[in-house]
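K.L.:
Single-letter residue listing:
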Amino acid sequence: MTESADWIRYEVEEGVGILYLAGAWRLSSLPAISAALQSLALQVPRGCVLDGSRLQELDTAAGFTLYRHLAGLGCSESTVSVRGFAPRHERLLALVQERMTCPPSAAKSTHAGMVGRVGASTVAIWRQLKSHNAFIGAVALEFLALARRPRSFRFKETVSQFETICLDAIPIAALVTFLIGVVIAYLLGIQALRYGANIFVVDGVGLAICRELSPLLVAVIVAGRSGAAFTAQIGTMKVQDEIDAISTLGLSPLQVLVIPRLMALLVALPLLVFVGDVAGIAGGMTIAAVQLDISFATFIDRLHATLPMSAFKVGMIKAPVFAAFIAVIACRMGLLVARDARSVGLNTTSTVVQCVVWVILLDAVFAVLFERMGI
Amino acid sequence: MDTVTPRPQAAQESATVLEVDSIVTRFGATVVHDGVSFSVRRGEVVALIGGSGTGKSVLVREIIGLMRPTAGTIRLLDTDVWGEGRDDMNLLRRRFGMLFQDGALFSSLTVAENLAVPFREHTGLPPELVSALVGFKLSLVGLPPQTGMKMPAELSGGMRKRVALARALALEPEILFLDEPTSGLDPIGARAFDSMVRVLSEGLGLTVFIVTHDLDTLLSIIDRVIVLAGGKVIADGPVDEVRRLDDPWIRDYFSARAPDARRK
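Protein chains in written order, with my numbering: chain A, 149 to 523; chain B, 4 to 267.
Keep in mind that the hints were calculated from the coordinates and are not lab data. Note that the structure is a prediction, hence the values are computed from the model and not measured. Treat each hint with caution, since some may be false.
[Claimed, not checked] Between beta-carbon pairs, the in silico distance windows are:
| hint | chain 1 | residue 1 | chain 2 | residue 2 | range |
| --- | --- | --- | --- | --- | --- |
| 1 | A | Leu289 | B | Ser223 | 31 to 41 angstroms |
| 2 | A | His259 | B | Ser223 | 21 to 31 angstroms |
| 3 | A | Thr396 | B | Ser223 | 26 to 36 angstroms |
| 4 | A | Leu289 | B | Ser55 | 41 to 51 angstroms |
| 5 | B | Ser223 | A | Lys278 | 48 to 58 angstroms |
Even glycine gets a Cβ: it sits at the ideal position worked out from N, Cα and C.
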């Protein structure tokens, strides 16, 4: 017996081609069965008879493979007949034949090339910007409605959001800005030591921390921490139809979900930036004392004399603007979540990226703006 | 190749494929199952019913090896589910299919990729044959081949269940578990799903174990019904026998549709 004869044998009896199937035709043996069919080199344009009297087992995958092969040879439903099958197998073959009239789904999802992909994401950014505009309008209208009916403001929700956004973030914000203060003071100190200009390190640390680094870093931390949380929370609610439930109860999702988060963040971010200012200066002060022989008292004295109040104010002005962008983007992305788990993850990632990009972009705009204004 | 000798058809059909023996399940102080025993023979379509919170879904999760019962043994396809090593369990997992309540399709993959997962993981078939088989499985559950390119999120509830059923059927299981297959479907879709399950179970010689609340499913496609209440099996038999039993819950359950049933 040849190998193919283990599974299938072709004989011509009284002018009719008969295919004898044998063995256990199961999914696990499909590669061998496939090979056996290929090696058989059948010529059955006028049709054939399938004989199942030697068949032990049959499943749909094997039945489908057989019929697909026969169809490829030009056999149709009317030219293939069956005989000798167990009733169970005959029912199965009938089912397979009935359901395989549809052509198989060979089309694969198209995969864009590199240029196409970059182009697609550029267009996506543009679309997103346009839809953000509409959302900002909707939130503004909601604020107008709130001004008319101040009692609908959700004070409790706002306070609880404030607690998670601000109080829980204080340790991490303080730690990061402290370390940045250490790094700035250390690097400036190395240069300053060469010229005996130790005391100017105080000026540099105070200005850099208050004006640039604390607002920027704290905003990035908050974008990663609270921005991601907003999107994930609102997105999960969207997946579970909770947003629709809020609307159905006659409440506005913007009023219930977005405005408390926005208000809480507007208050929380300046406070966190202040914490960052203090921690950053403390970091600089520590290094100044260790490396540059500047005592704490001298440091604070010098800081008091040289750090302009405007540097602190600039940081404080930036903070609420960053906060507004982070809150609006995060809530927007949450509400944009589609009805599946994957999109919660995608939108959360997108929120963090968008927020960080916007924070840096705004920081650049502020730098130019304040320079022009002579601050 | 398997060394399967052709057994007499009758003997094969009546063999026990699932045997649940005095299962006890406790969550802390709450006793969910207090000695549940029943068995299922090859080729049967069996329904498990019971009120909310009687542990129907828990029992199915215990049978398919997702959750360990507090006590008792479960033999599925001649394998002790909670007594054997991981390897045996992995072999066993290829021999049954499970349809979860909401389909549990992988949301990051297209429908076709979802169906290809079991083939890719458990068979060494060439990609061309896998994609042909995926198309065939889709039409087996009555879906057009274009469905393959869609994402699960774009499908209606009924289509999700069909796709999930196709995925459960991918590796030619011997026994199929369905958890509330018709919940969330409209009556027409639910009946269509029922008749499809029946056609497949007859055509493929499948054993089907259905957890359901749906009285119409029960009255149309079920060979045998098992009623779970108070942590025990209170009834086990053909639908017509069970509905005549004198138990308050069973009476309430079947009388929920009494006017319609009487019309028949």
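K.L.:
Any hints from earlier that this structure breaks? Give me their numbers in increasing order, please.
P.N.:
As far as the earlier hints go, 1, 2 are violated by this structure, in ascending order.
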